[in-house]
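**Student:** The chain contents come next:
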Amino acid sequence: MSSSALTMTEQMIRFRRTWPGFHVTDVRSVLVARGLIEPSPLMRVYAVRIEYRSETSPSVFVESPKLTRRPAAPDVPIPHTYKEHDIGHEHPCVFHPEIDWSPTMSLSDTVVPWLMSWLVDYETWLTHGVWRGGGIEHGKPRRMPS
Amino acid sequence: MTAMEFESNHDLEFILSELAATLQLTPTQHAAAVGHYQALSTWLSADESPLAAYDINVYAQGSMALGTTVKPLSDAEFDLDFVCQVQAADLDSLDLYEMFVSRLEANETYRTMLTKKKRCVCLTYADSFHADVIPAVPDPAHGVSDHTNLLIPDRDLKGWTFSNPRGFAGWFKERSRVLVRRGLRADANVEPLPKLATVDEKTPLSIAIQLIKRLRDRSFADDVNAPRSIVLTTLAALEYRGDESVLFAMMTAAQAFERFASVSNPSLFNPANAKENFADKLNASQTANLMLLSSKIKTAVSAIISTRGLDSLREVLAALFGDRPVVAALKRFSDRHNEHRAARTLTYGARGLGIVASTGGSIAPRNNYFGPKK
Numbered sequence: 001m002s003s004s005a006l007t008m009t010e011q012m013i014r015f016r017r018t019w020p021g022f023h024v025t026d027v028r029s030v031l032v033a034r035g036l037i038e039p040s041p042l043m044r045v046y047a048v049r050i051e052y053r054s055e056t057s058p059s060v061f062v063e064s065p066k067l068t069r070r071p072a073a074p075d076v077p078i079p080h081t082y083k084e085h086d087i088g089h090e091h092p093c094v095f096h097p098e099i100d101w102s103p104t105m106s107l108s109d110t111v112v113p114w115l116m117s118w119l120v121d122y123e124t125w126l127t128h129g130v131w132r133g134g135g136i137e138h139g140k141p142r143r144m145p146s
Numbered sequence: 001m002t003a004m005e006f007e008s009n010h011d012l013e014f015i016l017s018e019l020a021a022t023l024q025l026t027p028t029q030h031a032a033a034v035g036h037y038q039a040l041s042t043w044l045s046a047d048e049s050p051l052a053a054y055d056i057n058v059y060a061q062g063s064m065a066l067g068t069t070v071k072p073l074s075d076a077e078f079d080l081d082f083v084c085q086v087q088a089a090d091l092d093s094l095d096l097y098e099m100f101v102s103r104l105e106a107n108e109t110y111r112t113m114l115t116k117k118k119r120c121v122c123l124t125y126a127d128s129f130h131a132d133v134i135p136a137v138p139d140p141a142h143g144v145s146d147h148t149n150l151l152i153p154d155r156d157l158k159g160w161t162f163s164n165p166r167g168f169a170g171w172f173k174e175r176s177r178v179l180v181r182r183g184l185r186a187d188a189n190v191e192p193l194p195k196l197a198t199v200d201e202k203t204p205l206s207i208a209i210q211l212i213k214r215l216r217d218r219s220f221a222d223d224v225n226a227p228r229s230i231v232l233t234t235l236a237a238l239e240y241r242g243d244e245s246v247l248f249a250m251m252t253a254a255q256a257f258e259r260f261a262s263v264s265n266p267s268l269f270n271p272a273n274a275k276e277n278f279a280d281k282l283n284a285s286q287t288a289n290l291m292l293l294s295s296k297i298k299t300a301v302s303a304i305i306s307t308r309g310l311d312s313l314r315e316v317l318a319a320l321f322g323d324r325p326v327v328a329a330l331k332r333f334s335d336r337h338n339e340h341r342a343a344r345t346l347t348y349g350a351r352g353l354g355i356v357a358s359t360g361g362s363i364a365p366r367n368n369y370f371g372p373k374k
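Order-wise, the sequence lines are chains A and B.
The numbers in my numbering rise by one with no breaks, and the one at position 119 of the first sequence is 119.
The numbers in my numbering rise by one with no breaks, and the one at position 221 of the second sequence is 221.
Since the hints were derived computationally from the structure, they do not count as laboratory data.
Each residue gets a CB set at the ideal place from its N, CA and C atoms; glycine is no exception.
There could be a bad hint or two in this list.
Stated by the list, open to error - For each label pair, taking beta carbons as the anchor points, the in silico distance ranges come out as:
hint : chain 1 : residue 1 : chain 2 : residue 2 : range
1    : A       : S4        : B       : R366      : 39 to 45 Å
2    : B       : T26       : A       : H85       : 39 to 45 Å
3    : B       : M291      : A       : H85       : 52 to 58 Å
4    : A       : A47       : B       : F269      : 23 to 29 Å
5    : B       : L238      : A       : A47       : 42 to 48 Å
Stated by the list, open to error - If you want the footprint, here are the derived chain B segments under chain A, 3+ residues with CB under 8 Å:
hint : region
6    : 309-316
7    : 344-358
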């Protein structure tokens, strides 16, 4: 792994090479990658969007199908999401910005598989209401699935 | 539908294997059953037994011998089938039966558990087992070196009937072998499905039969005309062509059931003994139910392969096989995903994550889901 930050151009080239199905653009210094992911043939196909401004943390969004709370427990927010109380606008927190991510990393090799894993744990949570993927809650250091 | 449509979905095959593993007898129950026939063997061959003059061998036949056990629904009793093989050439059929029964009745415990039936003795155990125990002698028509072809006393006929449970089990094992060469497949670089830590080595055919039997149990409950396990097992195994997909094995079995049920007065001989017809007691209701089961299997397979979303899959599978085993199987899938994440062995690629079989691509780096409290 290179020790210096990847440029936006390097990020775009790597992204297109690894995920040729994605549409990658650079709009006013924000890299936006849109595409379909299918973490498992058992799961839904998700249209997702990744946004990245140079040397910050990338954000990931699920465009469709929309993330939903469990019909059996509509009061419970979706675990490990940003905007967790803004129903319909939640987006996944797939990594810890200070532990997992650095601008030396390639978006294509990190956030895409991380989002796939998050979606496995999300659909599992939808299935029976337990988050089995571990993670770190604010102020509670716990790293991997227990 | 072709075999190819079923082949690439290792994740689904994994869930079905886990489901079957949850449905079968637990290792503890299996050990308890073995304990029962070992105790029986000890009692029947003890010095004071009238059968002690002969070599006696008690063993399991049926689903326990084939690795296709399915736990009964709710708290119904599990039916075991044991053979008590007596190496005698000189016994009359009814003499064998009476010697066998009188030896069992000499035991305080067995006497209270025992019911005499046409060909067997039924023992009802306190720990939710029923055992049909068949006394048998080797069939001399097959020569002295053959110990698998048997004669079984029939009290109504006052004579012998024919069977070959060990020969059948050997035939079934041969049929279960996966014949498809991995190298001939389109996705030759995938890893084989993991071996399950279960009582028996599982094969796609045995898993398919377990799922079919569970569907049968849930569809026909206590109906005496529910299709019999031996008929389902034999037809499914005859039709099986070595495919690795459980769902494909279920589809081919459904086709075999339908064809068989369309014939008038069908016969189904034990492939290891042509004198034993498994269809000899088949009536019109059983045939109709076999046809019904065939269509239920086809509907089930179509529903399963067209379902997307783990939560939707739970609903579809639970309606077919029961919720508890399905949730357990889905948890095993989730465990496998997170075990790979923790071990940093989770591959990814255009076809998704390598949760069950490696995608052959790169390994996902470590990540910790962040965010607010759950």
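**Student:** It remains to establish, for every hint, whether it holds in the given structure.
**Tutor:** Okay, the hints, checked on the actual structure:
1. For S4 (chain A) paired with R366 (chain B), a C-beta distance near 21 Å fails the hint of 39 to 45 Å.
2. The hinted window of 39 to 45 Å between T26 (chain B) and H85 (chain A) holds, with their beta carbons roughly 44 Å apart.
3. Taking 52 to 58 Å as the suggested C-beta distance range, the pair M291 (chain B) and H85 (chain A) conforms, at roughly 54 Å.
4. The hint said 23 to 29 Å for the Cβ distance between A47 (chain A) and F269 (chain B), and at roughly 56 Å that hint is violated.
5. Take L238 (chain B) and A47 (chain A): their Cβ atoms lie about 46 Å apart, and the range 42 to 48 Å holds.
6. With a cut-off of 8 Å between beta carbons, the region 309-316 of chain B has 5 residues touching chain A; three or more are needed, and the interface restraint holds.
7. Counting residues of the region 344-358 of chain B whose beta-carbon sits less than 8 Å from any beta-carbon of chain A gives 7, enough to reach three: the coverage restraint holds.
Consistency note: the structure conflicts with the earlier hints numbered 1 and 4.
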